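Asker: Top line first, the protein sequences correspond to chains A and B. In this text, residue positions in the first sequence follow the UniProt record's numbering: the first is 1, and each later residue adds one. In this text, residue positions in the second sequence follow the UniProt record's numbering: the first is 1, and each later residue adds one.
No lab work stands behind these hints: they were computed from the structure. Please read these numbers as outputs of a predicted model, since none were measured by experiment. Possibly wrong hints are sitting among the right ones.
[As the list claims (entries may be wrong)] Just so you have them, the derived chain B footprint on chain A, three or more residues with Cβ under 8 Å:
#, segment
1, 68-80
2, 103-115
[Said to hold, decoys possible] Here are some of the chain A residues that sit facing chain B, going by a computed Cβ distance under 10 Å:
#, residue
3, Leu90
4, Leu97
5, Trp99
6, Arg145
[Said to hold, decoys possible] From chain B, some residues computed to sit far from chain A (all C-beta separations above 10 Å):
#, residue
7, Ala18
8, Trp233
9, Thr236
10, Leu246
11, Leu250
12, Leu262
13, Ala334
Just so it is clear, CB atoms sit at the ideal spot from N, CA and C, and this is done for glycine as well.
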Amino acid sequence: MVLRLDTVRVTRSGTSILRDINVRLGRGQIVGLVGPNGAGKSTLINAIATLIPFSGTIRWQGLPIRLREIGYMPQQAQVRADLSVIETVLLGRHEQLGWRVATTHLDQALGILEDFGIAHLARRNMQSLSGGQQQLVLLTQRLLREPKLVLLDEATSALDIRHQLQVFDRLRAYVGRSGALVVIAIHDLNLAARHADTIMLLDQGQVAGSGSFAEVIHEQALRDVYGIEAELLRASTGHTVILPVTAYGSTGPTSNGIHDVQLN
Amino acid sequence: MTDTAVSADAMRDGYRRASARRLGAILAAGLCLLLLMTLDLTTGPSGMPLADVWHGLVAGPNGADRAVATILWQLRMPQTLMGVLVGACLGLAGLQMQTILGNPLASPFTLGFSAAAGFGAALAIMFGGLIPLPGYLVVPIMAFSMTLVACGLVYLIARLRSATPEILVLGGIAVLFFFQSVQSLLQFLASPEVLQQIVFWLFGSLLKSTWTSVAVTGTILFACLPFVLRDTWALTTLRLGDANALSLGLSVEALRRRTFLLVALLTAAAVAFVGTIGFIGLIAPHAARTLVGEDHRFALPLSALTGAIILIGASVFGKFISPGAVIPVGIITAVAGVPILFAIIIRRGGKGAV
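Use the sequences and the hints to build the structure in full.
Answerer: See the structure below:
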């Protein structure tokens, strides 16, 4: 178990956002961090990335985490600079670049762009790209650093279906090649079902369950955590597909009827 | 998909070609600067013929023709060199300031440095007699010190809170207003003769240049250069935004703080002797970015060169339009700067971001 979180708590303006998170995660897998809005997914990612103060301990291979050694990508990562895609990706190695960019660095950067199927964008200006394309470029930039721990906050939210598939494909290959641990906060449960090895379900700042998708996400959990009634179907690939049916009112199942009356 | 089938070799060559093009732009700017420097040396109120200029230059500072030697070596040469140094300082400081504040409207003067320098100079002009040092030293020393005091105040605020652009700008605005008001107070209290001297200092003119000023400003500029150049890649990385730069392992706040100190030093060196010369620190970075993009390996040197070009160009222009009484370059850069700034805004505005 290389990533250990012990009694991690985050409090902001008197509200506790994370309470007593205890987690053990091994390397060589993709962990899908799921949960409703405000459950604390981003906060947990930010705490692991040492970007916000927390109490408790977070250890990576027994040591405190250093941001420059991990591959972290925030939710809002838009670039508004007059830089080309290849220049942006190269900055993933900014500590090692000299006055003349070494050919090895250049080839690595071009190689990873090719790997992610966006080599044709190499000379485009970052500002001319769509949000999803920028996300892809920034992801390749982070992976160019070859981090052993990758933290992604909604990294695929702005991508079309094809690129989502491609990203998880590449992440899977990266994990297989480097033995890295990828933790990805993700809203789309079906995407998590399809691509994550382990699911961690957060609810109101606590871990409501972790394990395989089937273990964690079932009808009862969806009812309790998301407040929805859903059907769990089985796809031909063997993966679960969630079909949301109805959402309860904001105060729970019993207020449903009152809620409807108010709406009418 | 045919468009993804671009070969890696072609793309690598493309990157190399783009780099070479940018290097070419820097070389061209260097040539342009040399040309303007020559033009600046050969023009002046004395209307000296070109042949005399050439002979005077060849003869050196101790040439037989005393009048020619004095005009060339004691007046024009220091003015031209000072123009280059001041322009380079302001160009560099301007780009650094715009990068660390992430704001295209920032300039070396945004955080109140020029007001502080003006106050220091006014203080020295009014009370310099009390200090047993020659006036030509007291004024720059006071202007320089006050700039560093202003920097210290903003730095302190940034240390106490955090070195975010917002905190830096707010602190800078407070410092700016403080020094502006105390300077106004001095001007209000000053006698008409002293007031005239203060106002003349504030104009910013290369006529105040001497070999001393060239040596001091040159030393500061070259002492700062290694530190400026060391952070080239870090500054480029900062342009990705704080969140991205942080996750790439950059100590964003530390970078901002040390760059801010360099900006203060460069600005103080630029304004201490010649007064405040506006717009160069605002426009030179824009011109540089337009030409070579935001890779600071190219943008920093080009911004420095562009700053020098604008300042020397303004000096030459000033001598042409009014050969008898040279108009202070500070006024010319300010007047000429407005249409240039407009042009840049309109051109770049279409790209979605300035």
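Asker: Which hint numbers does the structure go against, in order from smallest to largest?
Answerer: Of the numbered hints given earlier, those the structure breaks are 7, 8, 9, 10 and 11, listed in rising order.
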